[in-house]
Amino acid sequence: MKPLTEDAQVVGSTNKKNRFWFRAFQQRYLYMMSLPFVIWIFIFSYVPVWGWLTAFQNYKPKNGIFDQKWVGLDNFIELFQDERFYIVLRNTLAMSTMGLIVSFTIPVIFALLLNEMRGQFFKRSVQTISYLPHFVSWVVVAGLVTKMLSTDGGAVNQLLMYLNIIDTPIQFMAKGEWFWGIVTLSDLWKEMGWNSIIFLAAMSGIDPELYEASTVDGAGRFRKMWHITLPGIRTTFMVLFILSIGHLVSIGFEKQFLLGNPLVSDYSEVLDLYALKYGIQLSRYSYGTAIGIFNSVVSILLVFIANGIYKRVTKESII
Amino acid sequence: MQGTMKRSTGDKIFDTFIYIFMAIVAIVTLYPFLNVLAISFNDSVDTVRGGLTIYPREFTLKNYETIFGFDGLLVGFKNSVLRTVIGTAVGVLSASMMAYTLSRPDFQSRRWMSVGFALTMYFTGGLIPGFLLMKNLGLMGTFSVYIIPALLSVWNVFVVRSYIDGLPYALQESAKIDGANDWTIFWKVILPLCQPVLATIALFIAVSHWNAWFDTYLFNNRNPENTTLQYELMKVLQSTQSGNNYRDPNAQQAIASVSPESIKMAITIVVTIPILMVYPFLQKYFVKGMTLGAVKS
Chain A
1 MKPLTEDAQV VGSTNKKNRF WFRAFQQRYL YMMSLPFVIW IFIFSYVPVW GWLTAFQNYK
61 PKNGIFDQKW VGLDNFIELF QDERFYIVLR NTLAMSTMGL IVSFTIPVIF ALLLNEMRGQ
121 FFKRSVQTIS YLPHFVSWVV VAGLVTKMLS TDGGAVNQLL MYLNIIDTPI QFMAKGEWFW
181 GIVTLSDLWK EMGWNSIIFL AAMSGIDPEL YEASTVDGAG RFRKMWHITL PGIRTTFMVL
241 FILSIGHLVS IGFEKQFLLG NPLVSDYSEV LDLYALKYGI QLSRYSYGTA IGIFNSVVSI
301 LLVFIANGIY KRVTKESII
Chain B
320 MQGTMKRSTG DKIFDTFIYI FMAIVAIVTL YPFLNVLAIS FNDSVDTVRG GLTIYPREFT
380 LKNYETIFGF DGLLVGFKNS VLRTVIGTAV GVLSASMMAY TLSRPDFQSR RWMSVGFALT
440 MYFTGGLIPG FLLMKNLGLM GTFSVYIIPA LLSVWNVFVV RSYIDGLPYA LQESAKIDGA
500 NDWTIFWKVI LPLCQPVLAT IALFIAVSHW NAWFDTYLFN NRNPENTTLQ YELMKVLQST
560 QSGNNYRDPN AQQAIASVSP ESIKMAITIV VTIPILMVYP FLQKYFVKGM TLGAVKS
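Going down the list, the sequences are from chains A and B. The first sequence begins at 1 in this note's numbering and counts up by one. The second sequence begins at 320 in this note's numbering and counts up by one.
For the record, the hints were derived by calculation from the structure and aren't laboratory data. Here a beta-carbon is modelled for each residue, glycine too, at the ideal position from N, C-alpha and C. Any given hint could be a false lead.
To be verified - Derived, one-sided and incomplete: chain A residues facing chain B with beta-carbon distance under 8 angstroms:
id, residue
1, Tyr29
2, Gly153
3, Gly279
4, Asn295
Said to hold, decoys possible - Take a look, some chain A residues computed to stay more than 10 angstroms from chain B by CB distance:
id, residue
5, Trp70
6, Met98
7, Val102
8, Gln158
9, Leu210
Chain A with its partners taken away, still in its complex shape (with noise of 0.2 angstroms):
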């Protein structure tokens, strides 16, 4: 760094431009490292904001964006109108409420009873199994949970008639109203391992002289889990909380569509699909558009609203 200034302060003697454009030279191959990149952010994640224009416009694909019969905010009156809409916004709010309570609590008990366990082997090997779903794709996994609750051989079905809990096999993927409820475990099923990682790592940063001290103190081992591990995971506890507030109602769509079926459509559907029904498959673009603009607005809101609560918390934990 310290020659480069040097040679700076020479050219700079010229003038200020001319010391940009050397600088420039000197870092020509830094500029060719990046500005491909830059280029590339530039179109793919700023130019489809521009195309959020196209929600107060009629758009049709054969002219270009500027030149469309423009509607205002009919796309959103139209909406809100929309009986349907409201249940989508119900069955995405119901989805992402339920599955932000399962995945901070289950994962927490989880890691909680892994850091208690003493024999390494079989932790190690705990550990490895319940990872391993985190990585296989939603395709997969919706294929395994129709299998597991198929009502020919499946086995929640097959457990349930040998305990005579039922007589006859329950169509668990026919009842509406039982899809927010498989959606959760299913999503459970496939992340609680994964999502304990960052509750152990944090708990493995816990001191262990607060231990050794509580011991002294004749803590027994449930105090020591309360009073110790709980209060020690608690800052990345509320940071990850506060930070999927952000994503209620993005919730992603993948779980949905692959374990959705028309008969559950009424509770299955979420803003996500909704948008992709219209926008895509109905090609009524500036509709889709509109419902993404109302996810957006939504998501930011929350966040903002999440930053805040945050903001006081990480100032009342500080004290």
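Guided by the hints, dock chain B onto chain A, whose structure is given.
Relative to chain A, chain B alone:
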């Protein structure tokens, strides 16, 4: 106070409880895979009788022979492997190049580039504008649609950058004194040192490429030559779920002799096996990457 030397009864009960709980977790996680594996190797007529658990009753390879006769599946396999290999190589290289330039404190455009990249983590254009962009760029119905839009992950750039920031800067300075240019420093000094973090992001990129199906559904559903394995599996799984048949004429014929159930299970295994095989060896990298990313955020 007997604590450290001898375990109390309550402790023993609790330990037993943990072991039982963990065993259940392991069984619940593994059983679906083993069950599907058993069905995929079981004679399809016998499977209909039901009651299969984790081992095949009448062992056969016929299900696999049938599915490997599907054109769609072979093309899909080829494309999935191709996109995983190319996508990972390109993704790792571009993320590390970008990360290196952003890590150089003396780079004059560092600030606005960092901000420009970081901002994109907070907004997206959304599904439809993205779809229209691909259409306007002429990427619809091409193989490039798997590679170009997913070229770079901003998240990976920042993960690699924070790793490079942790390396001693003196290494770069001494290379510079030896007359190396910025590209040589990146290629000969930085890249070799970044191997652990590059392995981590390579695995994440590879898994996401292998598991992707939605881009095929969106951009290549009318181009069988660009199909992927996940998309083929998705079609097969959805077909009998919603009542209509798998449209591949080859498949129609095959389904007559081998039940759709067995076909589905065999394809599921083919799609899953590559991940199951590499997974145990790579586990430490995954975990490292997860904690690395979390520390960053």
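Hint check:
1. Tyr29: holds, 4 angstroms
2. Gly153: holds, 4 angstroms
3. Gly279: Hint holds; Gly279 (chain A) Cβ to chain B Cβ min 4 angstroms, cut 8 angstroms.
4. Asn295: Where the cut-off is 8 angstroms and the nearest Cβ of chain B is about 7 angstroms from Asn295 (chain A), the hint holds.
5. Trp70: Trp70 (chain A) clear of chain B: closest Cβ-Cβ about 17 angstroms, beyond 10 angstroms.
6. Met98: Consistent with the label, Met98 (chain A) stays out of reach of chain B, its closest Cβ about 19 angstroms off (over 10 angstroms).
7. Val102: Non-interface label stands for Val102 (chain A): nearest chain B Cβ at 15 angstroms, farther than 10 angstroms.
8. Gln158: violated, 8 angstroms
9. Leu210: Holds, because the least Cβ-Cβ distance between Leu210 (chain A) and chain B comes to about 15 angstroms, which exceeds 10 angstroms.
Checked against the numbered hints given earlier, the structure breaks only hint 8 and satisfies all the rest.
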